[in-house]
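> As they're listed, the protein sequences go chains E and R.
Going by our numbering, the first residue of the first sequence is number 215, and it counts up by one from there.
Going by our numbering, the first residue of the second sequence is number 5, and it counts up by one from there.
Take the hints with a grain of salt, since some may be wrong.
[Claimed, not checked] Keeping only pairs whose Cα atoms sit at most 30 Å apart, straight-line, the calculated DSS-like set for lysine-lysine is:
hint : chain 1 : residue 1 : chain 2 : residue 2
1    : E       : Lys-326   : R       : Lys-23
2    : R       : Lys-56    : E       : Lys-326
3    : E       : Lys-256   : R       : Lys-56
4    : E       : Lys-256   : R       : Lys-107
5    : R       : Lys-107   : R       : Lys-183
6    : E       : Lys-326   : R       : Lys-207
7    : R       : Lys-188   : E       : Lys-326
8    : R       : Lys-159   : E       : Lys-256
9    : R       : Lys-183   : E       : Lys-256
10   : R       : Lys-71    : R       : Lys-56
11   : E       : Lys-256   : R       : Lys-119
12   : E       : Lys-256   : R       : Lys-112
13   : R       : Lys-187   : E       : Lys-326
14   : E       : Lys-256   : R       : Lys-136
15   : R       : Lys-200   : E       : Lys-326
16   : R       : Lys-95    : E       : Lys-256
17   : E       : Lys-326   : R       : Lys-159
18   : R       : Lys-188   : E       : Lys-256
Since the hints were derived computationally from the structure, they do not count as laboratory data.
Listed below are the residues making up each chain.
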Amino acid sequence: MNFLDEVIQIVFRSLMVSGLATILATLWSIPISLFLLTTDFKYRGIVQDIFNSLVSIPTVVLGLFLYILLSRFGPLGFLGLLYTPIAISIGQAILITPLMVSVITTSLRRLKGGVWETAISLGATRLQASIVLLDEGLAQLVRSMLIGFNRAIGELGVALMVGGNIRGFTRVMTTAIALEVTRGNFELALNLGAIFLIITGTLTVVVRILGVRE
Amino acid sequence: MIKVEDLWFGYNEEVYVLKGIDFTFNGGILTIIGPNGAGKTTLLKIIGGILKPTRGRVLIDGMDLWKLDGKARIQLRRKIVYVHEKPVLFKGTVIENVAYPLKIRGLKGRKCMEKALKFLKLMEIDYLAEEKASDLSAGQIQLVALARALAAEPKYLLLDEPTSNLDTRRERMVLNLIKHLAKKGKTIIVSSHRRKFIEISEKTLLLNEGRIQAL
Numbered sequence: 215m216n217f218l219d220e221v222i223q224i225v226f227r228s229l230m231v232s233g234l235a236t237i238l239a240t241l242w243s244i245p246i247s248l249f250l251l252t253t254d255f256k257y258r259g260i261v262q263d264i265f266n267s268l269v270s271i272p273t274v275v276l277g278l279f280l281y282i283l284l285s286r287f288g289p290l291g292f293l294g295l296l297y298t299p300i301a302i303s304i305g306q307a308i309l310i311t312p313l314m315v316s317v318i319t320t321s322l323r324r325l326k327g328g329v330w331e332t333a334i335s336l337g338a339t340r341l342q343a344s345i346v347l348l349d350e351g352l353a354q355l356v357r358s359m360l361i362g363f364n365r366a367i368g369e370l371g372v373a374l375m376v377g378g379n380i381r382g383f384t385r386v387m388t389t390a391i392a393l394e395v396t397r398g399n400f401e402l403a404l405n406l407g408a409i410f411l412i413i414t415g416t417l418t419v420v421v422r423i424l425g426v427r428e
Numbered sequence: 005m006i007k008v009e010d011l012w013f014g015y016n017e018e019v020y021v022l023k024g025i026d027f028t029f030n031g032g033i034l035t036i037i038g039p040n041g042a043g044k045t046t047l048l049k050i051i052g053g054i055l056k057p058t059r060g061r062v063l064i065d066g067m068d069l070w071k072l073d074g075k076a077r078i079q080l081r082r083k084i085v086y087v088h089e090k091p092v093l094f095k096g097t098v099i100e101n102v103a104y105p106l107k108i109r110g111l112k113g114r115k116c117m118e119k120a121l122k123f124l125k126l127m128e129i130d131y132l133a134e135e136k137a138s139d140l141s142a143g144q145i146q147l148v149a150l151a152r153a154l155a156a157e158p159k160y161l162l163l164d165e166p167t168s169n170l171d172t173r174r175e176r177m178v179l180n181l182i183k184h185l186a187k188k189g190k191t192i193i194v195s196s197h198r199r200k201f202i203e204i205s206e207k208t209l210l211l212n213e214g215r216i217q218a219l
């Protein structure tokens, strides 16, 4: 495999793996956020605090936890997911869930007072009111997805520990950069780093634009 | 009939916004007056089922909304519509906004839009039908919100300062409409500082520091 092919493959795999992670995290972060926003229960504040504090969980700690779960003798070892791109996606999805929940709840809370109350007052069911809330907060949802994706594509610990950095299979941009630096192959590391910065930089600009619109 | 029994409400356990409110009202117009912070909006929101009372209860047609589940709660909730002083319109056009309560009640397609247009005509704002909700003035938003509330065809209409952004002509039109609705058997509770509402009301409730001062 030549140099360019390898770079393209690594970049493409990173986008796929983190894209899948973002989709997975979105699937459960939206219902969790809506539940936290619209349901009155005694420990809501505590649950919200737990999500907020998990935003900064070290990726290696989560990677270690997932490694134990997914390793052959672990409780989920029978799934045979360790050292696969799917394992990285699942790990990254778990990693970005608290961040996405936190961003979604914070941004939709501002809309909730007006939009949710209006929909409920007009006779909407909880589901109908939730749909309106999500529709009104679409820009914020896209923004939270981009923030989640940015965090996922930039993490190293989970990808390294449950992906194994296998060439041509689970090697993603962050693990490739880390490996090439230890090998002294700065050319590939710098190229990947530049591409990485372009992707994350572009997403940051998009997030900022959406934030301004919000 | 709306029956409010020993109603208490506090955003936290120490400070109560409403303190033991008791009254019964059925048919016609009830105007709630009182200084800012007296608890008028909170009372309307509780009657409308948006806020849950801390203590006491509100009975709508003999039923406590918070004791009902699922379908029964939705059915009861759909009898009452609360219109905020600064109403929120959803994104989309004016007619889409007015059609919303009809859509969630199962009406679809042309019939839904025709009915929505009927309510816009009633408020004399049918010329705004295709305008974007985000492009409207405060007064126009208030009229669209009223049209949208009427489209829900509620038995109980709760209006929070419904004419605060309207000019004299529009205010008169809304007053006449409210009188007309009351004559047709609707129960309307209005929170307002305007004397005109007191003049057309069957009852006036003076609220001060969360308590009824006079009824």
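> All hints, please: hold or fail.
Here is what the structure says about each hint:
Distance hint between E/Lys-326 and R/Lys-23 is fulfilled; the C-alpha atoms sit about 27 Å from each other, no more than 30 Å. As the CA atoms of R/Lys-56 and E/Lys-326 are separated by approximately 16 Å, the hinted pair is consistent with the 30 Å bound. At roughly 14 Å between alpha-carbon atoms, E/Lys-256 and R/Lys-56 fall within 30 Å of each other, so this suggested pair holds. Of the pairs offered as hints, the one joining E/Lys-256 and R/Lys-107 is violated, with about 34 Å between alpha carbons and a cut-off of 30 Å exceeded.
Distance hint between R/Lys-107 and R/Lys-183 is fulfilled; the C-alpha atoms sit about 27 Å from each other, no more than 30 Å. For a cut-off of 30 Å, the pair hint linking E/Lys-326 to R/Lys-207 is broken: about 33 Å separates their Cα positions. Restraint check for R/Lys-188 and E/Lys-326: not satisfied, since their Cα atoms lie roughly 34 Å apart, outside the 30 Å limit. Annotation: proposed proximity of R/Lys-159 to E/Lys-256 is violated, straight-line Cα distance about 34 Å (limit 30 Å).
For the hint linking R/Lys-183 to E/Lys-256, the alpha-carbon distance of about 44 Å lies beyond 30 Å, and the restraint is violated. Between R/Lys-71 and R/Lys-56 the CA atoms are separated by roughly 11 Å; this keeps the pair inside 30 Å, and the hint holds. A threshold of 30 Å between alpha carbons decides the hint, and for E/Lys-256 with R/Lys-119 the separation of about 43 Å lies outside it, so the pair is violated. Of the pairs offered as hints, the one joining E/Lys-256 and R/Lys-112 is violated, with about 39 Å between alpha carbons and a cut-off of 30 Å exceeded.
With a C-alpha separation of about 35 Å, the suggested pair R/Lys-187 and E/Lys-326 falls outside the 30 Å cut-off, and the hint is violated. For the hint pairing E/Lys-256 with R/Lys-136, the CA-to-CA distance comes to about 40 Å; that exceeds 30 Å, so the pair is violated. A threshold of 30 Å between alpha carbons decides the hint, and for R/Lys-200 with E/Lys-326 the separation of about 33 Å lies outside it, so the pair is violated. Straight-line distance between C-alpha atoms of R/Lys-95 and E/Lys-256 comes to about 33 Å, which puts the hinted pair past the 30 Å bound.
At roughly 26 Å between alpha-carbon atoms, E/Lys-326 and R/Lys-159 fall within 30 Å of each other, so this suggested pair holds. With a CA separation close to 43 Å, the supplied pair R/Lys-188 and E/Lys-256 exceeds the 30 Å bound.
Comparing the model with each numbered hint stated earlier shows that hints 4, 6, 7, 8, 9, 11, 12, 13, 14, 15, 16, 18 do not hold.
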